[in-house]
Amino acid sequence: MSQCRLSPEKLRALNQKYHVFCEIAEDLGALDEYPPHFHFSAKDNLCARGFQARAGSRILEGYRPPFDATAIARMKRFGGVLLGKTTMDEFGFGTFSTNSSHGIPLNPFDQTRACGGSSGGGAAVTCLLEDHVALGVSTGGSISCPASFCGVFGLTPTYGRVSRYGLIDYGNSLDKIGLMARRPEALRTFLPVIAGPDPKDPTSCTQAALDLSPTKVTRVAVPEEAMANLDRGVEAKFTEALDLIGGGIGIEVKRVKMPSLKYALAAYYIIATSEASTNLARYCGMRFGVQNKNVSQHFNDFFSETRSASFGNEAKRRILIGTYTRAIGFRDRYYLKALAVRQSIISEYDRIFQEADLVLTPTMPFVAPSFDQIERMRPLEVYQADFLTVPPNLAGLPHISMPCGYLNSLPAGMQFVAPHWEERRLLVMAENWNKQFQTRFPEGCP
Amino acid sequence: MPRPDGTREDGSGGEELDARTVKNVARIARLRLTEEEVAQYAKDMDDVLNYFAILDEASDLGRHDFNPVPVSDVLREDEPSLDISPEELRAMMDTYQEMVRGPRL
Amino acid sequence: MKIGLEVHVQLPTKSKMFCSCPTTAMEPNNAICPTCLGFPGSRPVLNRRALELGVEIARFMGCIIAEEIWFSRKTYFYPDLPKNFQITQYESPLGIDGQVFLGEKRIGIWRVHIEEDPGRIKRVGRSGEEVSLVDYNRSGIPLVEIVTAPDMSSPEEARQFMSELLVELRHVIGTTPSDEQSVRCDANISVGEERVEIKNIQGLKNLEKALKFEASRQAKMLEAGMRIVRETRRYDEERKVTMSAREKEFEEDYGYIGEPDLGTYNIGNFARSVVTAETPLRRAQRIAGEYVLDFEKAKQVVLTSMALADVLEALAKRVDPEFAMNWVLGPISANWSAIHPRLDQQVQADIVRVVGQVADREITDSEGRRRIGAIAAGEYPDDISCAVADSELDAIISAFLDSNPNVVKDHATNPKAANSAIGHVMKTAPGKYNSKEVVEAVKKEIEKRR
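Residue numbers (our numbering), protein chains in the order written: chain X, 45 to 490; chain B, 24 to 128; chain P, 940 to 1389.
These aren't lab readings, by the way, just hints derived from the structure by calculation.
No false leads were mixed into what you were given.
Covered by chain X, per the in silico footprint, the following chain B stretches (three or more residues, Cβ under 8 Å):
#, region
1, 55-65
2, 80-87
3, 110-118
With a straight-line cut-off of 30 Å between C-alpha atoms, the simulated DSS-like cross-links for lysine-lysine are:
#, chain 1, residue 1, chain 2, residue 2
4, B, K66, B, K46
5, P, K1366, P, K1348
6, P, K1138, B, K46
7, P, K1383, P, K1355
8, P, K1159, P, K1044
9, P, K1148, P, K1236
10, P, K1256, P, K1371
11, B, K46, X, K337
12, P, K1159, P, K1138
13, P, K1148, P, K941
14, P, K1148, P, K1238
15, P, K1013, B, K66
16, P, K1371, P, K1348
17, P, K1387, P, K1256
18, P, K1256, P, K1382
19, X, K306, B, K66
20, X, K337, P, K1013
21, P, K1013, B, K46
22, P, K1382, P, K1366
23, X, K120, X, K61
24, P, K1061, X, K337
Just so you know, even glycine gets a beta-carbon here, dropped at the ideal spot from N, CA and C.
Using the sequences and the hints, build the whole thing.
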């Protein structure tokens, strides 16, 4: 355990600098109690009693859920002390956590740069505090991306592995709760704590039993589609990592073709925005969050007034896109087609897994960009930055990002993908890699 | 990889999304947009929807599963219970004589 | 005139469709939870009983049942709809292409599916400026939606369809009067070419009134040479008129997507295992056909009580069916409130015997009536000896005689030998049989064994 005593004051000081928490616990006394406790944080779209859950949005201002998300309850039962809720893109809509209404987290390696998103705050806290584990959520890559930019390990389990009860929805067929930590051993410790069937979430009830028994990883496949459109530096670090994997660890690296990957981004964004636009319909000024007092206006005006005033631009954009893609006359071409294409991408991965244990790609096509660079990106460019993280997320496959190199002190990440339910292969790979590779972190405790 | 603006080698994929369509979609979604916003979102949506057109050329097996892993036959027994007190829930909402206040009809 | 109905009936479950909140009526907003309030982070879990009841109804209506079903989100914005989408079934109803019979007339059933109810809105304030107060007790209660073909030809027929449907559902799924009170209908009615929809009609009386008003409105317009606009209207219960539903200013695009939180359900095997006990009206149809009796009379019998129908059928096997019907609708019905609580195999047999004696002219009509009255009063007039085989009584006697064969032997010379058997029955089943019937039964059994 760390010698540096955490306290709300210390966390607030950290937060002044990095904006990683949108809410900090009042009392951390439990950290000193026996038996030994550990500290963790939760992305602000996870509900916890005693905290607001605003999911990075102004429209949820004041929402204090009267229940704990199952993942949080399980962590607490295991001895976890929740330090606070971490900053994120509004409802998960974003790749850099810049769409946050409660502070934009700054990259611990370079504060002019982004943490990645949408679990940016969580990845940064993990980077800054020793022995910390962060609960993150991934829909299209929101654990892998910030893990990559902040130089930590980020595990996204199989869809359905961890109960989503208590998670504020972005895309119900895509959201997965996962873990970030400085060392892979922590992932092995905490995955069994949060995983497992929960009768409150039907999609968690038909999972294969979690099996973390020893296993061997001997063959890794690298799709050629993942090697296009990469920043040169990232490509170089990734290639070095491949040499180490092939040589130092002795795993066979095979080059493969996965032609259906080119459809993954479109299929993902169609499904994600279609589902999100229905999930966000409930935010209308009644019952929770921002409550509109102007009841004398017609209900359509009442709803529109709240939604227009309190949703951010990216939220509005995705609601518009997602409403269009499931509308009469467009539904077949977009929504239904995307569902079908998802299935064919899953089939393609199945085919590759016949001849390889894992699929490997870089996590992101570049290292953490500066906020100026991000400002200049068009929405479509931002979406396309996800082209490496989206495929396993779309397919519901478990995946892990880990640091594989440093470019001018900024971390670059690589991402392994395993078949459904085979998280153990990812943990073994991460542990073996961590023995060969020296991870670096900036300042520890403030 | 397709071009960032969504157009393909053969030059297709460039239909414009008009303001009227955006306003219609916004109305369905209960979003009130300024004229400026309508123009901006029209451009953004156009970009993105043109990019989505790449799926037109994708072949598929015609299966429309809603989840990426099989989820079936998960049921709850018909036993009533209240785990959280309704009083606590009512206190979170804008109520009048235990009814939730809502807008004009 | 063509009328089609979309009927919504609350299913009699103990908990709601997607959460464990109780369904029993209470003070406003007392049966609520994060799920039926649509709180962020909540999640639906399907009630097994709601699914089973829906399938049972679909089977009852003769539908083709799907093997695998799922749920969809229907998105629209209204204060009573907590998530601003309703979880319903769009592309995958439980069953399709069924039918029911209204007397001899076939009414097509297009589809049967289940969905959740929204909350209940109370409008307060001056008309035109009303605001809403919402009670979410009703939010999430399971509903079955039954959609008929436009096969009804009059408002009266539509009302009859609804009333018979409710009678049948009581037997198929056990709906109670309070479930029935909350039945809602959307009706489609066309006098000419264009169809008008009237939404959210509550109760049978309002259904008939609304349809009568609308039929008349459309007829008048056609007579005046005006075109009927295809539109959605609502029925104003106070003013007793249908009005354009100005609330929905534009066609809603529901933008259906699948509900990924629930997954799919394989209902084929369950559907095949469902055995529906014969419902009242179907029984009336069968009785009318089998015994060549008037359907309306048969209907009257089953609607009084299924047990009365049991008596009718037993009687119709013993005497001429018309004769049986007259006695059932006459003296037996007249005494039914007294007979019903006492009714068992024994009493039914007594009734059949008495009416049989009248039919055979062994006793007069009025003596028959007197004896029915006596049965109703729990008395056993002298001549009603139970000649009907009572299998339990026979079993007791047989067992005794098996163990005491000497009784049979002795009885040949000494009738009093039967007393030991009689005594045994009285001791074994005290008070259950009257002495006369025991004596008869013992005598018969002994004679059988000689």
